[in-house]
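Visitor: Spelled out from the first residue to the last, the chains are:
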Amino acid sequence: MESRDQDQLAELLLSYQQGDSAAAAALIKSVSPRLARFCLRQGDAPQDLDDVLQEIWLRIHRARRTYRPGAPAEPWLFAVARYARLDVRRRRRRIHAREVPAEESQAEAAFVPAYTASRFLVESLATLPAAQREVLVLLKGCGMSLEEVARATSSTVGAVKQKAHRAYGALRRVLAAHSPEALR
Amino acid sequence: MTCNELLRLLAENEGLPAEALEHLRTCKTCRRLHDMRDQFANDAAMDSAATIDPRLEDRLIAGVLADLKPVRPVASARWYATVFLAIVLLAAGAAIGVLGMRGWETNAAPQRIYFVLALTAGILGCGFTLPRLMIPGERLRIAPRALAALSLAALIGGCLSYPLLQYAHFGRAVATCFAIGMAVAAPLGALSAIVLSRGYVLALGEAALLGGLLGGLTAFVVLFVFCPHLDMGHSLLAHGSVVLVSALIGPAVIAARERLFGPE
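In order, the protein sequence lines correspond to chains F and P. First residue of the first sequence? That's 20 in the working numbering, and the numbers climb one at a time after it. First residue of the second sequence? That's 621 in the working numbering, and the numbers climb one at a time after it.
In isolation and in its complexed conformation, chain F is listed as follows (with noise of 0.2 Å):
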């Protein structure tokens, strides 16, 4: 994220914390693309980001005294909305192992892409570890440096580095075994 970007949202932040309703109407437009962006490839599915995305916001409001005036604010909103996301799929993988769905339910996609990427690069996430596939999109699906994944995952750089290095290697593998026209 260009620096700019950073201070509009850390100047947004603030006037949350303050109490100011326009600046937290602003910045919810401004940041759940970003965030349903990030479940989405995280693997969370189309109709569940309604939940997902509400989950967050109810922790990010929560949350929001301990945002610090001059820290990084998308590593911020990012760490509690990866928690907020996890625990949303525990409680769901909890609720689907004791009940039985009456029938599927067809909720509109609460989030409209611009853009679908390759169905091939979509399926080799898929098959990375989770904490592996969160780096990546950190990375490079959301803009992020090291530091900023690192502070977002409460984490260190070297054990980022790592992830990365290691996803890569599996992404290289899968790569190996497949013709180039699958990338198309």
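Any given hint might turn out to be false.
Claimed, not checked - Under the rule of at most 20 Å between Cα atoms (straight-line distance), these lysine to any residue pairs were calculated in the SDA-like manner:
{"hint": "1", "chain 1": "P", "residue 1": "K689", "chain 2": "F", "residue 2": "G38"}
{"hint": "2", "chain 1": "F", "residue 1": "K48", "chain 2": "P", "residue 2": "E878"}
{"hint": "3", "chain 1": "F", "residue 1": "K180", "chain 2": "F", "residue 2": "L147"}
{"hint": "4", "chain 1": "F", "residue 1": "K48", "chain 2": "F", "residue 2": "G38"}
{"hint": "5", "chain 1": "F", "residue 1": "K180", "chain 2": "F", "residue 2": "E166"}
{"hint": "6", "chain 1": "P", "residue 1": "K689", "chain 2": "F", "residue 2": "A29"}
{"hint": "7", "chain 1": "P", "residue 1": "K689", "chain 2": "F", "residue 2": "A44"}
Claimed, not checked - Short, incomplete list of chain P residues facing chain F, as computed with Cβ under 8 Å:
{"hint": "8", "residue": "L627"}
{"hint": "9", "residue": "R628"}
{"hint": "10", "residue": "L630"}
{"hint": "11", "residue": "E632"}
{"hint": "12", "residue": "M656"}
{"hint": "13", "residue": "R657"}
{"hint": "14", "residue": "G683"}
{"hint": "15", "residue": "L688"}
{"hint": "16", "residue": "K689"}
{"hint": "17", "residue": "P693"}
{"hint": "18", "residue": "A763"}
Hints are computed from structural coordinates only; laboratory data are not their basis. Built from N, CA and C at the ideal position, the CB exists for glycine as well.
Dock chain P against chain F, hints included.
Guide: Frame of chain F; chain P shown alone:
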């Protein structure tokens, strides 16, 4: 340049040097990987035009505005580190004041130096890492589990330096020291939890691990200074086990709560 070296460079997330570009010219698979990486980043840039369903957006905004009031930002991580370390000093000082320093007087210089260094490093590590777990998006210098493992390994190593002795009241001495240790560790762990609640802890298990470890290390300090039983068995079972139990009890409680009631 080998393929593995190129993977390391890709993981560094910086621009590629001439050597790497030359490798991409010759290695088809690495070139495809590099192209895939660029495609992923390009997809993200084009996705910036994507929108959220306006009805969902309205619900999200309404949910936040319904409970919107000004809040004061939490204090800095440094401030909370000071608080944690102050609690440790007060607790250890008070306990040593009551129990005495026979252990310190009995220990040889090498053990004193070793344990002072190991315990100081562990306590400072916990004191500075815990506040970072309270504030989302703070950068960690060391992974909590690595800190716990290193601290425990250092203490066990130190305990193994003592001779193996047998004596009649071994069991009673172990039980007494363990009880004293837990009497120091438990309230300190509880105080840590109260301080942690001032922030917004995302990784509950890891925070509980370090909070308990901080209590356990403080208890070890007290026992090291007070206890004159300088034998391997006593050190490991009475002193070392306090640190282990304190560190693990928090994560165990959280795991049990999640199993019973689900995530928060």
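Visitor: All hints, please: hold or fail.
Guide: Structure-based check of each hint:
no.	hint	in the structure
1	P:K689 <-> F:G38	holds, 5 Å
2	F:K48 <-> P:E878	violated, 33 Å
3	F:K180 <-> F:L147	holds, 15 Å
4	F:K48 <-> F:G38	holds, 17 Å
5	F:K180 <-> F:E166	holds, 10 Å
6	P:K689 <-> F:A29	holds, 18 Å
7	P:K689 <-> F:A44	holds, 14 Å
8	L627	holds, 5 Å
9	R628	holds, 6 Å
10	L630	holds, 5 Å
11	E632	holds, 7 Å
12	M656	holds, 6 Å
13	R657	holds, 6 Å
14	G683	holds, 6 Å
15	L688	holds, 6 Å
16	K689	holds, 5 Å
17	P693	holds, 6 Å
18	A763	holds, 6 Å
When held up to the earlier numbered hints, the structure conflicts with hint 2 and nothing else.
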